[in-house]
Amino acid sequence: MKTDPKGVLTGVHYLDGDYACGEGAMAAGCRFVAGYPITPSTEVVERISQRFPMMGGTFIQMEDELGSMAAVAGAAWTGTKSMTVTSGPGFSLMMENIGLAAMMETPCVVVNVQRGGPSTGLPTMVGQADMMQARWGSHGDYQVIALSPQSPQESFDLAIDAFNLAEIYRVPVMFMMDECVGHMTEKVVIPEPDEIDIVPRTLSDKKPGEYLPYEVNGRPVPDMVRAGDGYRFHTTGLTHDERGYPVMSAECQQLNVGRILNKIRLNVDDIVRFEEEGMDDAEVVVVAYGITARVARMGIELARKKGVKVGFLRLVVVWPFPEKRIRELADRIAAFVVPEINMGQMVLEVERCTGGKAPAVHVPHAGGGVHDPGAICNEIVEAAR
Amino acid sequence: MSAATAHPRPDEHPIAPYLRMDRMPHIWCPTCGIGTVVKCFATALEEADVDLDKVAITSGIGCTGRVAGYMKLDAFHTTHGRAIPFATGLKLGRPELQVVVFSGDGDLAGIGGNHFIHAARRNMDMLVILVNNFIYGMTGGQNAPTTPITARSSTMPFGNFERPFNLPHLAASCGATFVSRWTCLHIRRLTKCMRMAIRKKGFRFIEVIAPCATLYARLNRLGGGLELMRFYHDNAEIRHGIDTREVDIGYQDTIVCGNFVDDERPTFLDMMTSHYEEVLGERYVPMPPEGGWLHD
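Line by line, the protein sequences are chains Y and X. Residue 3 is where the first sequence starts when you use the numbering used here, and the numbers rise one by one after that. Residue 256 is where the second sequence starts when you use the numbering used here, and the numbers rise one by one after that.
Hint data in this document are derived by calculation from the structure and do not stem from the laboratory. There's no promise every hint is true.
To be verified - Here are some chain X residues pointing at chain Y (derived, C-beta under 8 Å):
hint : residue
1    : 342
2    : 348
3    : 349
4    : 413
5    : 456
6    : 536
7    : 538
8    : 542
9    : 548
Quick caveat: nothing in here was measured; it's all calculated off a predicted structure. Every residue, glycine too, gets a C-beta built ideally from N, C-alpha and C.
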């Protein structure tokens with residue numbers, strides 16, 4: 003369906019990635035945001051709180067990120083599209099209720115504008131070191147979807163996709179921006195409302211009494227209902243059966259956890275998204291995401307000038323990871339080069355997928371700045387030997 | 256009665272229509288007080304004649320945290336301490352909902368204490384029923400932020416030396432519009448208090464002192480459930496409207512009960528709506544009562 007025009011600021015703008023993310027969320031129909039101030043993400047909620055009263059949205063500044071994430075999960079169960087926004091320290095606090103949202107199968111979006119960590123780290127400076135936390139941060143086995151924009155324009159575009167993916171798969175979607183993209187200002191084109199496709203909540207057509215909250219009938223994702231529609235349903239963070247009732251058994255655990263993993267795992271091909279450049283004759287492939295994708299492009303140009311046949315795979319959806327594509331490439335290339343602003347995270351995933359057929363060379367950066375493109379070039383040249 | 260209230264069959268318990276009977280038997284121990292509080296709440300719902308389709312209940316974790324799971328309402332068994340912020344999201348996402356938080360002392364005053372004070376400060380429109388058994392029951396009798404000084408718990412085996420919360424005073428000083436305390440012995444008064452609270456708006460807080468014979472009473476050699484109820488009978492003192500600074504609970508001391516605070520104050524949503532109407536005028540678009548979701 004087409005989106006509610008009240009949330010769409012059609013036109014050509016000069017926006018930073020944080021503002022663009024807020025605009026994308028509002029264009030996607032987000033009408034509830036709970037957040038707690040944290041650098042470098044705060045501009046997202048500042049933008050939203052400026053515009054929400056004019057479109058039927060409600061923003062609340064909660065007492066902490068535990069409460070923010072809990073409120074977002076609660077609001078999502080009323081059918082209202084909901085989001086929270088944070089950075090590393092707040093992301094850590096949100097993990098508890100990200101797990102709840104995953105277990106209750108609650109569609110929502112969590113924006114993390116990454117800064118340097120661990121702990122308070124570098125509040126105003128860039129990092130990309132929460133990538134594994136986005137995937138594994140809450141306890142237990144679960145699956146999420148994570149996106150990583152490389153520009154303010156993509157921050158707008160992917161924010162809409164994040165809400166749509168949350169609805170399709172009933173998962174919390176991690177919007178893994180970084181401080182550079184968040185604070186970089188560029189041209190952002192916001193289309194007309196009738197050009198923005200959004201996925202509405204899939205509401206059950208069953209009657210109260212017949213509806214079971216986690217009945218799937220062979221489909222990967224159960225239909226939802228909203229609090230207040232007369233279903234008097236039950237949901238819990240405990241391991242539960244189709245009725246949403248707790249069942250403490252290994253069998254039910256297998257069914258429950260198995261399904262919340264499989265709804266992503268079995269649909270990986272529909273969810274993964276990446277962009278490739280110069281892949282036809284590539285001997286070395288650079289894998290990068292977020293701001294590092296843009297820096298890596300310069301490193302690739304320098305390496306090409308030196309005659310190295312280097313391709314580029316940019317992760318747009320980071321989780322689930324494009325495992326199949328990395329395996330295919332590993333069969334025919336000499337090496338992967340993985341620059342990222344952390345000391346080795348997504349490179350581990352590349353390494354896992356190559357199965358030892360091609361080395362994955364990490365180009366680390368501890369955070370606080372971006373790579374020197376020359377350093378990336380050097381690693382590419384070295385890897386091609 | 257509205258169409259959405261529930262009626263028992265002749266062979267059913269009067270509150271059976273309010274419960275998920277397919278989940279019985281419940282997990283609570285014999286002589287536990289939580290079931291009594293649930294009975295009072297279901298009766299109050301019936302007497303208050305509310306549209307049950309619009310009542311959503313949330314609980315956190317612990318013995319009382321299981322209440323949401325047994326009530327035949329839109330029910331959310333959330334994470335430890337987070338029932339109040341989850342309920343905040345429900346209320347703000349769909350303002351027409353009547354939101355009830357039903358949980359224990361450890362959940363709401365311990366791990367969830369920060370949410371408790373801020374929801375009261377904002378006058379978030381919700382009814383909070385806190386069952387206080389002075390101890391962490393489900394995990395085995397550990398010390399709680401409500402354990403009276405000198406009472407034993409499994410983590411204060413030589414007696415508690417930490418000062419407990421005076422919960423009605425905490426709620427009142429943070430701005431709750433309705434504050435009361437009863438014990439599990441005061442069935443009629445508690446039911447009436449709940450009925451009043453259901454019909455009010457704002458952050459409404461009811462503390463219910465409940466017996467835990469399995470842990471609190473055993474660790475403190477206070478006898479069984481009957482002895483605890485007898486203790487309430489002999490030591491509860493009803494003082495409506497008393498200054499909440501005077502309702503601290505000492506070990507095996509007087510339990511002051513009553514309706515202490517009954518005020519009117521605009522809720523978070525009232526304040527938000529009137530403020531935006533004033534400063535933004537016709538530019539303000541409120542969220543519809545049924546929530547900010549998109550119609551097809």
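Hint check:
Interface hint status for residue 342 of chain X: upheld, as the beta-carbon distance to the closest one in chain Y is roughly 6 Å, under 8 Å. Among the interface hints, the one on residue 348 of chain X holds; its C-beta lies about 3 Å from the nearest C-beta in chain Y, closer than the 8 Å criterion. Interface restraint check for residue 349 of chain X: the shortest CB-CB distance to chain Y comes to about 4 Å, inside 8 Å, so the restraint holds. The beta carbon of residue 413 of chain X is not positioned within 8 Å of any beta carbon in chain Y (closest approach about 33 Å), and the interface hint is therefore violated.
Here the hint on residue 456 of chain X is broken, as its CB sits about 17 Å from the closest CB of chain Y, past 8 Å. Given hint, residue 536 of chain X at the interface with chain Y, is violated; its Cβ is 11 Å from that chain's nearest Cβ, farther than 8 Å. Hint status for residue 538 of chain X relative to chain Y: holds, with the closest Cβ pair at about 5 Å, below 8 Å. For the restraint placing residue 542 of chain X at the interface with chain Y, the shortest Cβ-Cβ distance is roughly 5 Å, inside the 8 Å limit, so the hint holds.
For residue 548 of chain X, the suggested interface contact is upheld, since its CB lies about 4 Å from the closest CB of chain Y, less than 8 Å.
Violated hints, listed in ascending order, are 4, 5 and 6; each of the other numbered hints is respected by the structure.
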